[in-house]
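Novice: In short: position in the sequence shown from 1, add 378, done, that's the working numbering.
These aren't lab readings, by the way, just hints derived from the structure by calculation. Be careful, since some hints might not be right.
Stated by the list, open to error - Below, computed lysine-lysine pairings styled on DSBU-like, alpha-carbon distance capped at 30 Å: (1) K520 x K465; (2) K465 x K524; (3) K524 x K484; (4) K513 x K524; (5) K450 x K513; (6) K484 x K465; (7) K494 x K513; (8) K484 x K520; (9) K465 x K450; (10) K450 x K484; (11) K513 x K484; (12) K513 x K465; (13) K450 x K494; (14) K524 x K450.
What the hints assert, rightly or not - Label-pair restraints from in silico Cβ distances: (15) T468 x Q571: 23 to 29 Å; (16) D512 x Q571: 17 to 23 Å; (17) S475 x A496: 15 to 21 Å; (18) P414 x V567: 20 to 26 Å; (19) I464 x G420: 22 to 28 Å; (20) G479 x S536: 20 to 26 Å; (21) C561 x A415: 35 to 41 Å; (22) K520 x S427: 33 to 39 Å; (23) N489 x D553: 20 to 26 Å.
We treat Cβ as the ideally placed atom computed from N, Cα and C, and that holds for glycine.
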Amino acid sequence: MKGIILSLSIIVLVSCAQVPADKAVVSQQPETISVPAQACVGTTTLPSSLRDSFVPAVDAELLDASLGQPGKGGLCQGQVYISTGIKTVTLYRAWNSSNPGSTYGKWWVFNRPSGKVAQYRQDFEICYQWSPLDKLVTCELKAGTKVVVGNGQSAYCSEYLTYGVSARQQVYISDASQSVINCETADGVLIWQ
(Lines of atoms letter the chains of each structure in order from A and count residues from 1; the text may use other names and numbers.)
(Lines give C-alpha, C1' and ligand atoms only; values in the text may rest on other atoms or scores of the structure.)
Protein backbone atom coordinates (compact mmCIF):
# COMPACT_ATOMS: atom_id res chain seq x y z
CA MET A 1 0.00 0.00 0.00
CA LYS A 2 2.84 2.41 0.86
CA GLY A 3 4.36 1.67 -2.55
CA ILE A 4 1.13 2.63 -4.34
CA ILE A 5 0.81 5.90 -2.40
CA LEU A 6 4.46 6.71 -3.07
CA SER A 7 4.01 5.97 -6.79
CA LEU A 8 0.90 8.16 -7.00
CA SER A 9 2.69 10.99 -5.16
CA ILE A 10 5.60 10.84 -7.61
CA ILE A 11 3.22 10.86 -10.61
CA VAL A 12 1.38 13.90 -9.25
CA LEU A 13 4.63 15.77 -8.60
CA VAL A 14 5.99 14.96 -12.04
CA SER A 15 2.71 16.01 -13.68
CA CYS A 16 2.71 19.34 -11.85
CA ALA A 17 6.32 19.97 -12.75
CA GLN A 18 5.48 19.52 -16.44
CA VAL A 19 2.64 22.11 -16.55
CA PRO A 20 3.72 25.00 -18.77
CA ALA A 21 4.15 28.29 -16.92
CA ASP A 22 1.28 29.93 -18.80
CA LYS A 23 -1.09 27.12 -17.71
CA ALA A 24 -0.05 27.05 -14.06
CA VAL A 25 -2.66 27.76 -11.41
CA VAL A 26 -2.35 31.34 -10.24
CA SER A 27 -3.51 32.58 -6.87
CA GLN A 28 -6.81 34.45 -6.94
CA GLN A 29 -5.48 37.56 -5.20
CA PRO A 30 -6.51 40.89 -6.75
CA GLU A 31 -4.08 42.22 -9.31
CA THR A 32 -2.26 45.41 -8.36
CA ILE A 33 -2.43 47.91 -11.18
CA SER A 34 0.53 50.20 -11.63
CA VAL A 35 0.00 53.27 -13.78
CA PRO A 36 3.19 55.12 -14.68
CA ALA A 37 3.43 58.64 -13.33
CA GLN A 38 3.08 61.40 -15.91
CA ALA A 39 4.22 64.98 -15.50
CA CYS A 40 1.38 67.31 -14.54
CA VAL A 41 0.13 69.54 -17.34
CA GLY A 42 -1.80 72.80 -17.31
CA THR A 43 -1.71 75.52 -14.71
CA THR A 44 -3.16 76.22 -11.30
CA THR A 45 -3.33 79.95 -12.12
CA LEU A 46 -6.91 81.16 -12.25
CA PRO A 47 -8.45 82.41 -15.49
CA SER A 48 -8.25 86.21 -15.69
CA SER A 49 -12.04 86.51 -15.33
CA LEU A 50 -11.82 84.89 -11.85
CA ARG A 51 -8.68 86.47 -10.39
CA ASP A 52 -10.64 89.10 -8.41
CA SER A 53 -12.84 86.35 -6.98
CA PHE A 54 -10.07 84.51 -5.11
CA VAL A 55 -6.92 85.08 -3.09
CA PRO A 56 -4.15 82.46 -2.81
CA ALA A 57 -3.96 80.63 0.52
CA VAL A 58 -1.96 77.92 2.24
CA ASP A 59 -3.67 74.80 3.60
CA ALA A 60 -1.45 71.72 3.31
CA GLU A 61 -4.14 69.36 4.61
CA LEU A 62 -6.72 70.53 2.05
CA LEU A 63 -4.17 70.39 -0.77
CA ASP A 64 -3.07 66.86 0.22
CA ALA A 65 -6.71 65.70 0.29
CA SER A 66 -7.20 66.87 -3.31
CA LEU A 67 -4.07 65.29 -4.79
CA GLY A 68 -4.30 61.77 -6.21
CA GLN A 69 -1.86 59.01 -7.04
CA PRO A 70 -1.29 58.09 -10.70
CA GLY A 71 -4.21 56.01 -11.94
CA LYS A 72 -6.45 56.96 -9.01
CA GLY A 73 -7.89 60.30 -10.18
CA GLY A 74 -7.91 63.43 -8.05
CA LEU A 75 -5.61 66.32 -8.87
CA CYS A 76 -2.11 66.04 -10.25
CA GLN A 77 -1.24 69.52 -8.97
CA GLY A 78 -3.19 72.22 -7.18
CA GLN A 79 -3.27 75.64 -5.50
CA VAL A 80 -5.42 76.57 -2.52
CA TYR A 81 -7.56 79.69 -2.88
CA ILE A 82 -10.17 81.48 -0.75
CA SER A 83 -13.19 83.02 -2.47
CA THR A 84 -13.47 86.76 -1.85
CA GLY A 85 -17.13 87.32 -2.67
CA ILE A 86 -16.22 90.35 -4.81
CA LYS A 87 -17.83 88.67 -7.82
CA THR A 88 -20.24 85.75 -7.99
CA VAL A 89 -18.45 82.50 -8.81
CA THR A 90 -20.67 79.91 -10.50
CA LEU A 91 -19.62 76.27 -10.31
CA TYR A 92 -20.92 73.16 -12.06
CA ARG A 93 -20.96 69.53 -11.03
CA ALA A 94 -22.09 66.57 -13.13
CA TRP A 95 -23.20 63.82 -10.77
CA ASN A 96 -24.91 60.46 -10.31
CA SER A 97 -28.69 60.50 -9.74
CA SER A 98 -28.64 56.95 -8.34
CA ASN A 99 -26.60 58.35 -5.43
CA PRO A 100 -28.39 61.50 -4.19
CA GLY A 101 -25.57 61.98 -1.67
CA SER A 102 -23.26 62.79 -4.56
CA THR A 103 -25.11 65.99 -5.49
CA TYR A 104 -22.65 68.10 -3.49
CA GLY A 105 -19.51 66.04 -3.99
CA LYS A 106 -15.96 67.33 -3.94
CA TRP A 107 -15.30 67.80 -7.68
CA TRP A 108 -16.56 70.90 -9.58
CA VAL A 109 -15.68 72.94 -12.67
CA PHE A 110 -15.82 76.63 -13.62
CA ASN A 111 -17.46 76.09 -17.02
CA ARG A 112 -20.84 74.57 -17.80
CA PRO A 113 -20.30 71.08 -19.29
CA SER A 114 -21.10 70.86 -22.99
CA GLY A 115 -20.23 68.64 -25.92
CA LYS A 116 -19.73 64.90 -25.91
CA VAL A 117 -19.95 63.01 -22.62
CA ALA A 118 -16.94 60.86 -23.61
CA GLN A 119 -14.83 63.99 -24.05
CA TYR A 120 -15.99 65.40 -20.71
CA ARG A 121 -14.99 62.11 -19.02
CA GLN A 122 -11.56 62.29 -20.63
CA ASP A 123 -11.05 65.98 -19.82
CA PHE A 124 -11.86 65.45 -16.15
CA GLU A 125 -10.78 61.78 -15.71
CA ILE A 126 -14.23 60.47 -14.73
CA CYS A 127 -14.45 56.68 -15.03
CA TYR A 128 -17.81 55.26 -16.10
CA GLN A 129 -17.91 53.23 -12.85
CA TRP A 130 -17.80 56.42 -10.79
CA SER A 131 -20.80 58.17 -12.33
CA PRO A 132 -23.20 58.04 -15.27
CA LEU A 133 -23.08 61.87 -15.28
CA ASP A 134 -26.85 62.10 -15.64
CA LYS A 135 -27.49 65.15 -13.44
CA LEU A 136 -25.97 68.63 -13.34
CA VAL A 137 -26.06 70.98 -10.39
CA THR A 138 -25.19 74.66 -10.86
CA CYS A 139 -24.35 76.65 -7.71
CA GLU A 140 -22.74 79.84 -6.48
CA LEU A 141 -19.69 79.60 -4.23
CA LYS A 142 -19.99 81.28 -0.81
CA ALA A 143 -17.51 84.01 0.09
CA GLY A 144 -14.71 82.83 2.37
CA THR A 145 -14.72 79.24 1.03
CA LYS A 146 -11.38 77.47 0.64
CA VAL A 147 -11.00 75.49 -2.57
CA VAL A 148 -8.19 73.82 -4.48
CA VAL A 149 -7.88 74.63 -8.17
CA GLY A 150 -5.78 72.22 -10.17
CA ASN A 151 -5.36 69.85 -13.07
CA GLY A 152 -6.46 66.24 -13.20
CA GLN A 153 -4.40 63.21 -12.28
CA SER A 154 -4.59 60.09 -14.47
CA ALA A 155 -7.35 57.54 -13.82
CA TYR A 156 -7.30 53.79 -14.43
CA CYS A 157 -10.87 52.73 -15.18
CA SER A 158 -10.32 49.21 -16.53
CA GLU A 159 -7.82 47.20 -18.52
CA TYR A 160 -9.41 48.81 -21.60
CA LEU A 161 -9.67 52.42 -20.44
CA THR A 162 -7.18 54.72 -18.75
CA TYR A 163 -7.30 58.51 -18.81
CA GLY A 164 -4.02 60.42 -18.78
CA VAL A 165 -3.31 63.62 -16.85
CA SER A 166 -5.29 66.63 -18.04
CA ALA A 167 -4.66 70.34 -18.38
CA ARG A 168 -8.35 71.09 -17.70
CA GLN A 169 -8.92 72.89 -14.39
CA GLN A 170 -11.03 71.32 -11.68
CA VAL A 171 -12.20 72.74 -8.38
CA TYR A 172 -11.96 70.63 -5.22
CA ILE A 173 -14.30 71.58 -2.35
CA SER A 174 -14.07 69.43 0.78
CA ASP A 175 -17.50 70.41 2.16
CA ALA A 176 -19.53 71.55 -0.83
CA SER A 177 -22.93 71.16 0.84
CA GLN A 178 -21.88 73.93 3.27
CA SER A 179 -19.97 75.99 0.69
CA VAL A 180 -22.46 76.57 -2.13
CA ILE A 181 -25.79 78.43 -2.40
CA ASN A 182 -28.53 79.17 -4.95
CA CYS A 183 -28.27 75.75 -6.58
CA GLU A 184 -30.28 74.51 -9.53
CA THR A 185 -30.40 70.93 -10.80
CA ALA A 186 -30.83 69.76 -14.40
CA ASP A 187 -31.37 66.29 -15.86
CA GLY A 188 -29.20 64.73 -18.55
CA VAL A 189 -31.13 63.94 -21.74
CA LEU A 190 -30.23 61.85 -24.75
CA ILE A 191 -29.42 63.94 -27.81
CA TRP A 192 -27.87 62.16 -30.77
CA GLN A 193 -26.00 64.04 -33.48
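Novice: If a hint holds in the structure, say so; if it doesn't, say that too.
Specialist: Against the structure, the hints:
no. : hint                    : verdict
1   : K520 x K465             : 10 Å, holds
2   : K465 x K524             : 15 Å, holds
3   : K524 x K484             : 12 Å, holds
4   : K513 x K524             : 25 Å, holds
5   : K450 x K513             : 23 Å, holds
6   : K484 x K465             : 22 Å, holds
7   : K494 x K513             : 15 Å, holds
8   : K484 x K520             : 15 Å, holds
9   : K465 x K450             : 34 Å, violated
10  : K450 x K484             : 15 Å, holds
11  : K513 x K484             : 15 Å, holds
12  : K513 x K465             : 26 Å, holds
13  : K450 x K494             : 23 Å, holds
14  : K524 x K450             : 23 Å, holds
15  : T468 x Q571: 23 to 29 Å : 26 Å, holds
16  : D512 x Q571: 17 to 23 Å : 18 Å, holds
17  : S475 x A496: 15 to 21 Å : 19 Å, holds
18  : P414 x V567: 20 to 26 Å : 38 Å, violated
19  : I464 x G420: 22 to 28 Å : 25 Å, holds
20  : G479 x S536: 20 to 26 Å : 25 Å, holds
21  : C561 x A415: 35 to 41 Å : 36 Å, holds
22  : K520 x S427: 33 to 39 Å : 19 Å, violated
23  : N489 x D553: 20 to 26 Å : 22 Å, holds
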